[in-house]
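Undergrad: Turn these sequences into a full structure, and let the hints steer you where they fit.
Protein chains: 2
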Amino acid sequence: MPVCDRAGMTSTTLHTRFTEAYGLTTPIAQAGMAFVGMTPDLAVAVSEAGALGAVGVGLMPAPALADLVAAVRSRTAKPFNVNLITPLATVDHVAVACAAGVAVVSFHWGHPPRAWIDRLHAAGVRVFEQVGSTVDARRAADDGVDVIVAQGQEAGGHNYATLPTFALVPVVVDAVAPTPVLASGGVADGRGLAAALMLGADGVWVGTRFVATTESLAHDGYKQRLVAASATATALTGIFGPENPAFNPTRVLRNRVVTEWHDRLAEIGPDQPVIGYTDLGGTRVEMRRFSNLVPMRGATTGDLEEMALLAGQGVGLVTAIEPAAAVVESMTGDARALLGRFVGSGDSLSYPCV
Amino acid sequence: MPVCDRAGMTSTTLHTRFTEAYGLTTPIAQAGMAFVGMTPDLAVAVSEAGALGAVGVGLMPAPALADLVAAVRSRTAKPFNVNLITPLATVDHVAVACAAGVAVVSFHWGHPPRAWIDRLHAAGVRVFEQVGSTVDARRAADDGVDVIVAQGQEAGGHNYATLPTFALVPVVVDAVAPTPVLASGGVADGRGLAAALMLGADGVWVGTRFVATTESLAHDGYKQRLVAASATATALTGIFGPENPAFNPTRVLRNRVVTEWHDRLAEIGPDQPVIGYTDLGGTRVEMRRFSNLVPMRGATTGDLEEMALLAGQGVGLVTAIEPAAAVVESMTGDARALLGRFVGSGDSLSYPCV
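Sequence lines, in order, name chains A and B.
Here the first sequence stands for residues 108 to 461, where the numbers follow the numbering used here.
Here the second sequence stands for residues 108 to 461, where the numbers follow the numbering used here.
Everything labelled a hint here was simulated from the structure, so no lab data went into it.
Errors might be hidden in some of the hints.
Claimed, not checked - Sample of chain B residues with no beta-carbon within 12 Å of chain A, all distances over it, derived:
hint : residue
1    : Pro170
2    : Asp174
3    : Val198
4    : Cys205
5    : Arg221
6    : Ala222
7    : His265
8    : Asp296
9    : Arg363
10   : Glu367
11   : Pro377
12   : Leu387
13   : Gly388
14   : Thr408
15   : Ser437
Unchecked claim - Distance windows between CB atoms, simulated:
hint : chain 1 : residue 1 : chain 2 : residue 2 : range
16   : A       : Pro220    : B       : Thr426    : 33 to 39 Å
17   : B       : Asp250    : A       : Val381    : 49 to 55 Å
18   : B       : Asp410    : A       : Pro168    : 55 to 61 Å
C-beta atoms are modelled at their ideal positions from N, C-alpha and C, and glycine is treated no differently.
TA: Set out below in structure tokens:
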């Protein structure tokens with residue numbers, strides 16, 4: 108059926124309160140992923156496509172973050188997000204974000220100090236926090252966090268969600284209204300985007316789907332495994348980085364090391380064999396078994412069956428490695444078509460008297 | 108904004124392939140719940156409201172099922188579903204359904220014999236199967252099952268899902284296309300209904316929300332606990348009916364017996380204290396601790412903190428005991444409003460050139 112686009116709308120735009128507030132053309136935010144998002148490429152590609160790109164800071168020192176932010180800035184004028192892991196973040200990271208005036212700083216794995224939130228706000232930086240419960244969502248909103256990212260148990264990577272996406276998002280939306288909420292966990296195609304909006308989210312936070320893009324820094328073997336994996340191929344496990352149990356569990360592909368050790372966590376001792384090497388900011392680092400370093404293209408060598416291949420339960424919907432812009436476009440276009448379907452079907456819904 | 112309804116549409120109708128094929132006005136199917144759905148009241152109320160009501164057969168002998176079906180028939184001319192637990196079902200139950208020419212027979216907890224499916228089809232009865240994986244979905248579709256009910260890990264009651272709803276539904280839809288799929292697990296309001304349709308489902312299968320209705324046979328104390336419970340108040344446990352581990356796990360409210368015993372399954376022995384009594388078809392039955400009999404209004408006495416209070420993770424969205432028709436109407440109306448929102452917002456989506 109022919110459609111009439113309103114002014115400014117194209118087949119790859121979809122507006123919500125989130126897009127309006129952040130100058131986006133589609134309500135998709137790239138998850139802030141350490142390792143695979145530690146160079147500008149993915150963030151630039153996602154932001155240039157009209158979604159919100161992100162850099163994942165992880166273990167990166169503040170001066171390196173300043174360089175990374177500058178590098179992204181040199182390639183795009185669009186807004187992007189600097190993602191910090193709360194226990195690894197310092198006031199120096201916050202200062203870098205404030206000085207650069209980035210659009211967004213997001214926190215994961217714990218509520219940031221109120222002073223940091225206030226300082227970011229004073230610098231014009233908006234603050235997101237990823238949470239796994241309504242209690243944490245409420246605390247974040249009460250402390251002025253601008254956008255709540257509701258992480259469901261489907262999500263890849265470090266995951267402390269209390270509920271899966273379908274059950275979590277509506278109760279978080281109700282708990283923090285009118286604060287905007289992004290749905291995280293299991294969102295990997297236009298169906299998930301459209302469904303998240305129906306659950307009351309203002310947008311989605313997408314990790315795994317963006318790992319399997321041309322621009323992501325993930326190791327090619329890791330990307331290929333994402334494409335090959337079914338939705339049931341993940342595990343939520345504490346085996347990676349067992350020296351820091353508070354930073355677990357992590358959802359990963361169930362490769363050999365997971366299959367062999369997931370049920371034997373208590374047997375994991377400190378002396379482990381070397382399973383590879385990775386380059387971190389110019390330094391060659393030995394990877395021992397149960398390392399939580401994620402394999403990167405051009406930086407990591409060794410046996411990927413022994414490494415942490417972070418992935419969410421949306422991985423079954425990842426069937427090709429594509430440019431990030433193509434992912435943004437197809438998710439948006441498919442979501443639009445679904446959202447319009449009931450109006451356009453002629454025997455289903457009421458339609459506006461335009 | 109004013110809306111123009113097309114012919115035959117009202118604010119409480121919502122059409123999909125599922126409603127068209129089954130003569131419904133909204134794509135909602137009541138889950139087939141033993142105990143709480145063992146009298147006609149709930150099935151009649153749901154079907155009269157334009158959704159698909161169901162009777163839960165459970166342990167009911169075939170002659171009693173014949174009486175129950177006749178009783179429903181005497182009160183509604185609308186289609187309804189007879190839900191069988193596959194390991195408890197017999198050819199006599201199938202014969203009753205065929206003789207009565209009910210609209211639908213659904214199976215849960217295992218694939219029914221192909222001969223039963225064929226016999227039901229020959230009698231004009233359509234067959235649904237509730238599954239928890241793409242493999243089981245494919246097998247069901249290949250054997251001619253008419254509608255696949257994809258049960259996510261959020262679902263209350265006996266649950267052997269491999270994935271949560273958000274991740275399961277799209278991969279099941281893809282696995283069995285063009286066979287229609289209903290989404291089950293966590294669907295308790297209009298948001299869940301709209302989201303399920305966006306995930307590719309043709310409708311939803313709703314349990315917990317219908318337990319907390321005026322017409323359900325659930326014990327009043329059980330209904331009150333559903334209203335009071337948060338979404339995180341459930342557990343997926345094997346403690347109820349431990350003599351039959353293959354019929355577990357079950358998702359229930361985390362009441363005292365669950366809190367005390369969920370992590371001590373191996374300690375549960377055969378001699379357990381009496382915790383109540385229940386009337387089953389006129390016979391007074393002793394309930395011992397870990398019984399999987401569900402407490403019923405006017406039939407069960409004893410301590411509800413020791414009983415199996417089946418509930419899904421949508422329970423956080425259940426805030427009142429209402430008539431089933433009101434539940435159907437509000438879910439449908441809310442879903443319609445959400446599905447129409449992006450078209451009606453004026454700055455979001457394309458709209459049909461009508």
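Undergrad: Hint by hint, say whether it matches the structure.
TA: To see whether the hints hold, each was checked on the structure:
In this structure Pro170 (chain B) is separated from chain A by more than 12 Å, as the shortest Cβ-Cβ distance comes to about 40 Å. Residue placement check: Asp174 (chain B) keeps its beta carbon more than 12 Å from all beta carbons of chain A (closest about 37 Å). Listed as a non-interface residue, Val198 (chain B) keeps its Cβ farther than 12 Å from every Cβ of chain A; the least gap is roughly 34 Å. With 12 Å as the threshold on Cβ separation, the claim that Cys205 (chain B) sits away from chain A holds: the shortest Cβ distance comes to roughly 32 Å.
The beta carbon of Arg221 (chain B) sits about 26 Å from the closest Cβ of chain A, which is more than 12 Å, so the claim that it is off the interface holds. Listed as outside the interface, Ala222 (chain B) is consistent with that label: its C-beta sits roughly 30 Å from the nearest C-beta of chain A, beyond the 12 Å cut-off. With a closest Cβ-Cβ approach of about 18 Å to chain A, His265 (chain B) is found to remain outside the 12 Å limit, as its non-interface label requires. Its beta-carbon lying about 7 Å from the closest one in chain A, Asp296 (chain B) breaks the requirement of being farther than 12 Å from that chain.
At roughly 21 Å, the least C-beta separation between Arg363 (chain B) and chain A is larger than 12 Å, which holds for a residue marked as non-interface. Here Glu367 (chain B) stays apart from chain A, with its beta-carbon at least about 21 Å from theirs, past the 12 Å limit. For Pro377 (chain B), the shortest C-beta to C-beta distance to chain A comes to about 28 Å, beyond the 12 Å cut-off, and the non-interface label holds. With 12 Å as the threshold on Cβ separation, the claim that Leu387 (chain B) sits away from chain A holds: the shortest Cβ distance comes to roughly 32 Å.
The beta carbon of Gly388 (chain B) sits about 35 Å from the closest Cβ of chain A, which is more than 12 Å, so the claim that it is off the interface holds. For Thr408 (chain B), the non-interface assignment is confirmed: its Cβ lies about 32 Å from the closest Cβ of chain A, beyond the 12 Å cut-off. Distance check for Ser437 (chain B) against chain A: the nearest CB is about 14 Å away, which clears 12 Å, and the non-interface claim stands. Distance hint check for Pro220 (chain A) and Thr426 (chain B): the Cβ-Cβ separation is about 35 Å, which falls inside the suggested range of 33 to 39 Å.
Separation of Asp250 (chain B) from Val381 (chain A) is about 51 Å and conforms to the stated range, judged on CB atoms against 49 to 55 Å. Taking the beta carbon of each, Asp410 (chain B) and Pro168 (chain A) are about 59 Å apart, inside 55 to 61 Å as hinted.
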